[in-house]
Amino acid sequence: MKIIEDIKKQLNNNPDIVERQFLVNDKNVYLLFIKSTIDKTLLVHSVISPLLEHKGEVNLNVLSSSVLKVAEIENVKKDDFVRCLLRSKVLLFVDGETDALAIDMEFFPTRQPAEPPTSPTIQGPREGFTESIKTTIALMRKQLPSKHLVIKSFFVGEMSHTQVSMFYMDNLADKKIVKKIENKLKKINTDIVLDPHYLVEYIVGRPNSLFEQYGSMEKPDIVTAKLMEGRVAIAVDGSPIVITFPFVMFEDIQNSNDYYTNSHYATFIRYVRAFGIIMATVIPGVYLSLRLYHYRVVPLKYILTISATTQNLPFTPFIEVLFILILFQMLYEVSLRLPRYLGIATSIVGALVLGDTGVQAGLISPPGIIVIALSLIAVYTVPNQAPQLNIVRLVFLLLGGTLGLLGVVGGMIYFVNYLNSMNEFNAPNLAPYSPRVQQDLKDGLHKKPIPKMRKRPQSIKSNDDIRGLKSE
Amino acid sequence: MSEQISVRQTACFCAISMLALKLITLPSILVEMSTSSAIIVALIMFALDLMILFLYLKAKEKYPDLSLYELIKKVFGTIVAKIIYSFLFGIFILKILMLNNEAISYMRDIVDEDFKLTLYLMTFLPVVISMVYSGLKNSARTVEFGFVFIFIGLVFCLFLSEITFSYGEIGPIFKENISNILNTCGEVGFWFSDFLFVAILSDKIKYQKNMKKIIFAYVIITLIILIALYIIYIRLFNVTAFLHKDAIADITQYNRNIGNSGNIDIIAILVYMFIIFFQGAIYFLTAKNIYEKIVGYQNKIHSIIFITLSIITLQLFVFYNLELIINFVFNYLKYFGILAWIIIPLFYVSLLLFDKEKGDELVKEKSKQN
Numbered sequence: 002m003k004i005i006e007d008i009k010k011q012l013n014n015n016p017d018i019v020e021r022q023f024l025v026n027d028k029n030v031y032l033l034f035i036k037s038t039i040d041k042t043l044l045v046h047s048v049i050s051p052l053l054e055h056k057g058e059v060n061l062n063v064l065s066s067s068v069l070k071v072a073e074i075e076n077v078k079k080d081d082f083v084r085c086l087l088r089s090k091v092l093l094f095v096d097g098e099t100d101a102l103a104i105d106m107e108f109f110p111t112r113q114p115a116e117p118p119t120s121p122t123i124q125g126p127r128e129g130f131t132e133s134i135k136t137t138i139a140l141m142r143k144q145l146p147s148k149h150l151v152i153k154s155f156f157v158g159e160m161s162h163t164q165v166s167m168f169y170m171d172n173l174a175d176k177k178i179v180k181k182i183e184n185k186l187k188k189i190n191t192d193i194v195l196d197p198h199y200l201v202e203y204i205v206g207r208p209n210s211l212f213e214q215y216g217s218m219e220k221p222d223i224v225t226a227k228l229m230e231g232r233v234a235i236a237v238d239g240s241p242i243v244i245t246f247p248f249v250m251f252e253d254i255q256n257s258n259d260y261y262t263n264s265h266y267a268t269f270i271r272y273v274r275a276f277g278i279i280m281a282t283v284i285p286g287v288y289l290s291l292r293l294y295h296y297r298v299v300p301l302k303y304i305l306t307i308s309a310t311t312q313n314l315p316f317t318p319f320i321e322v323l324f325i326l327i328l329f330q331m332l333y334e335v336s337l338r339l340p341r342y343l344g345i346a347t348s349i350v351g352a353l354v355l356g357d358t359g360v361q362a363g364l365i366s367p368p369g370i371i372v373i374a375l376s377l378i379a380v381y382t383v384p385n386q387a388p389q390l391n392i393v394r395l396v397f398l399l400l401g402g403t404l405g406l407l408g409v410v411g412g413m414i415y416f417v418n419y420l421n422s423m424n425e426f427n428a429p430n431l432a433p434y435s436p437r438v439q440q441d442l443k444d445g446l447h448k449k450p451i452p453k454m455r456k457r458p459q460s461i462k463s464n465d466d467i468r469g470l471k472s473e
Numbered sequence: 000m001s002e003q004i005s006v007r008q009t010a011c012f013c014a015i016s017m018l019a020l021k022l023i024t025l026p027s028i029l030v031e032m033s034t035s036s037a038i039i040v041a042l043i044m045f046a047l048d049l050m051i052l053f054l055y056l057k058a059k060e061k062y063p064d065l066s067l068y069e070l071i072k073k074v075f076g077t078i079v080a081k082i083i084y085s086f087l088f089g090i091f092i093l094k095i096l097m098l099n100n101e102a103i104s105y106m107r108d109i110v111d112e113d114f115k116l117t118l119y120l121m122t123f124l125p126v127v128i129s130m131v132y133s134g135l136k137n138s139a140r141t142v143e144f145g146f147v148f149i150f151i152g153l154v155f156c157l158f159l160s161e162i163t164f165s166y167g168e169i170g171p172i173f174k175e176n177i178s179n180i181l182n183t184c185g186e187v188g189f190w191f192s193d194f195l196f197v198a199i200l201s202d203k204i205k206y207q208k209n210m211k212k213i214i215f216a217y218v219i220i221t222l223i224i225l226i227a228l229y230i231i232y233i234r235l236f237n238v239t240a241f242l243h244k245d246a247i248a249d250i251t252q253y254n255r256n257i258g259n260s261g262n263i264d265i266i267a268i269l270v271y272m273f274i275i276f277f278q279g280a281i282y283f284l285t286a287k288n289i290y291e292k293i294v295g296y297q298n299k300i301h302s303i304i305f306i307t308l309s310i311i312t313l314q315l316f317v318f319y320n321l322e323l324i325i326n327f328v329f330n331y332l333k334y335f336g337i338l339a340w341i342i343i344p345l346f347y348v349s350l351l352l353f354d355k356e357k358g359d360e361l362v363k364e365k366s367k368q369n
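So the sequences go chain by chain: A and B.
Residue numbering for the first sequence is 2 to 473, as defined by the numbering used here.
Residue numbering for the second sequence is 0 to 369, as defined by the numbering used here.
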């Protein structure tokens, strides 16, 4: 059949493109598919067997309506043949007809939903998304069986034609925000989309910003909670990550575990996380400024301890702290990239050999190591912010080393001001504290019990402020 | 009107404005001039400032969308408005310079004796300019965020000072005669008149029914802390006040061994550093607003460049130390109070009492001109 030869030619005659011809009631019927992307067992049972057993009239309408035992089938024109084939559909041609039937037989190797490594739960749902968008949609449907859930799908990427799905609640999400995101998704002009992070920079207003302007998660319970606050979620086929808009920075201090535990403990742990952010970013800079410029404000007994351990160091405090920081950062990077058993070995070499020997050799000081280690550990109290906090820490280190405490305070104010200037989709980034949104403080650092949170967050625009029935 | 700030943010601005120029040299100056009666001077000045703030807020209720400039222009015309605003521009630039000089003096005394003026400007200006560039609304949010830390820090300083303090030891507060007290009031006027920015930025503040209540709550709480700190300072350093030019730090240093916690004046240092930047931004924003009214057009970059150059030039070549600017204020700005406490308040009183024209009509006129 000429059209089949044309399609194969368009697809470079790749060896996984299979053409099968059958004689059904004296009429030629052709099947064309990419064997690596379809379920062959299903094809045999649902398409080939019924075709071979069919004794009546043979045309596309009859086959689609009363012969083929498949769930999804569509009649497609010539222009869509290649697109359908590439989307794991089986094309069925009948001699003498110009159209074809596209039968959904998609089958890719996927993993089962499991607890994602980025957001483990102590007591709560453990199910996470997988790389298949069908699983993502299924899990969302399971979690949120509501008539208000809207799922819109687009295909983005000139080469990859990746399925991108947008989720929102039509009764909660702000229509303007939905429209804005939808328009931006439709306008994306790129070759390939492998993950939602590929889309972020097309959607946000300040793609060069140091700080995140979106929420990212891997669990349907978290996405559901975000949708219920009027946010919009975006999933991409091929990635278990789902991103949400609008975003406020405080979302990263909140954690799904907070809602599955005692409110008092959640409050305590949120304060710890907030303190962790300060420790992670500012402590090395403050330590350096105190050692270099403001030693007079350090209590005498501490200054004596520090000076006893640092007096013979060959490096200046700034170089020493910078060296330790870079060393730790390299160790961290290596432990991520190497196979697990090698990673452990490298950590031992780094921490014990380099660290301990460095101190004993008088190259680095124990206070320096303690400060940097404390700062590096503290970053992971808010893991989603880790990349940017690592950069901010370096900035504070430079400020503390050059301008002293005044530089560190100035830097803090600069960053707070910078974060305040990020109001993507009209959601103030530092809400509920700046500006102060009284209602949202119930789920701020101090977390109130869930029944007290009758209203949805005011910092995120929503069409319906009250959770549950309004009459209660 | 998109650049409007909330009432709570205005209240934070007011509270910080009350603190900025009063924590370092002013207590020392007051005690030098009026000994233990300094607290009376401070109370008189605070009372005056509060009354004037009340007038500004009343005017805000009557003319929600008009600033001091439009009100002066309405009564006296554009030229008078521009002359008064030019004077106010100078005042706010001088306030920035005073703030800078106090900060540098403080840094040299307490933190680092080799602290350089240029290093200070290299830190202060980029942060303040970035705040001003990001706009009034954004800066107000940043101040609102930082205010909590300032407040907690101040309470902490006060608490640490209170531990060893006995109120029974406060000296005779009416030691000086009334004329000396009033004379001191006139001399130190420049360090007060903190709420002038409310009149200047009045059109940028969102109107809210209970605005007076919210703003006064913040102001009075700050005032209580401030008066408590003044009382402690006067009691601690009465005759040796001239040796203690950095009030807030010296108060906490005095108690350095409390609870075996070591040298805890780092809290005072951090609180004061936050105040420097925030107050710098408030003065800069007000100066920018005044400048734009004088030149008659709004251009963020032009006004920031002009104000920055003015600050750098005056700071490096004219008022390069604290004594110079204090002498200048005592010699030439003695009568600044006449404008801030008599002329402008009387103008507001007369508007509130006798002006029958509604604010809405003036707003229409203003939008037509724009």
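It should be emphasised that the hints constitute simulated quantities derived from the structure, not laboratory data.
Treat each hint with caution, since some may be false.
Unchecked claim - Computed list of lysine-lysine pairs in DSBU-like fashion (alpha-carbon distance at most 35 Å, straight line): (1) Lys453/A to Lys61/B; (2) Lys355/B to Lys443/A; (3) Lys456/A to Lys73/B; (4) Lys462/A to Lys299/B; (5) Lys73/B to Lys176/A; (6) Lys462/A to Lys143/A; (7) Lys61/B to Lys212/B; (8) Lys185/A to Lys208/B; (9) Lys181/A to Lys203/B; (10) Lys462/A to Lys205/B; (11) Lys177/A to Lys57/B; (12) Lys185/A to Lys79/A; (13) Lys187/A to Lys36/A; (14) Lys135/A to Lys153/A.
Structure-based check of each hint:
1. Lys453/A to Lys61/B: violated (39 Å)
2. Lys355/B to Lys443/A: violated (45 Å)
3. Lys456/A to Lys73/B: Not satisfied, since the Cα-Cα distance of roughly 46 Å exceeds 35 Å.
4. Lys462/A to Lys299/B: holds (30 Å)
5. Lys73/B to Lys176/A: Judged against 35 Å, a Cα distance of about 44 Å means the pair is violated.
6. Lys462/A to Lys143/A: holds (26 Å)
7. Lys61/B to Lys212/B: holds (16 Å)
8. Lys185/A to Lys208/B: Status violated; Cα separation ~41 Å.
9. Lys181/A to Lys203/B: holds (29 Å)
10. Lys462/A to Lys205/B: Within the cut-off at roughly 20 Å; holds.
11. Lys177/A to Lys57/B: violated (38 Å)
12. Lys185/A to Lys79/A: Given that 35 Å is the threshold and the Cα spacing comes to 30 Å, the pair holds.
13. Lys187/A to Lys36/A: The hint holds at about 31 Å.
14. Lys135/A to Lys153/A: holds (13 Å)
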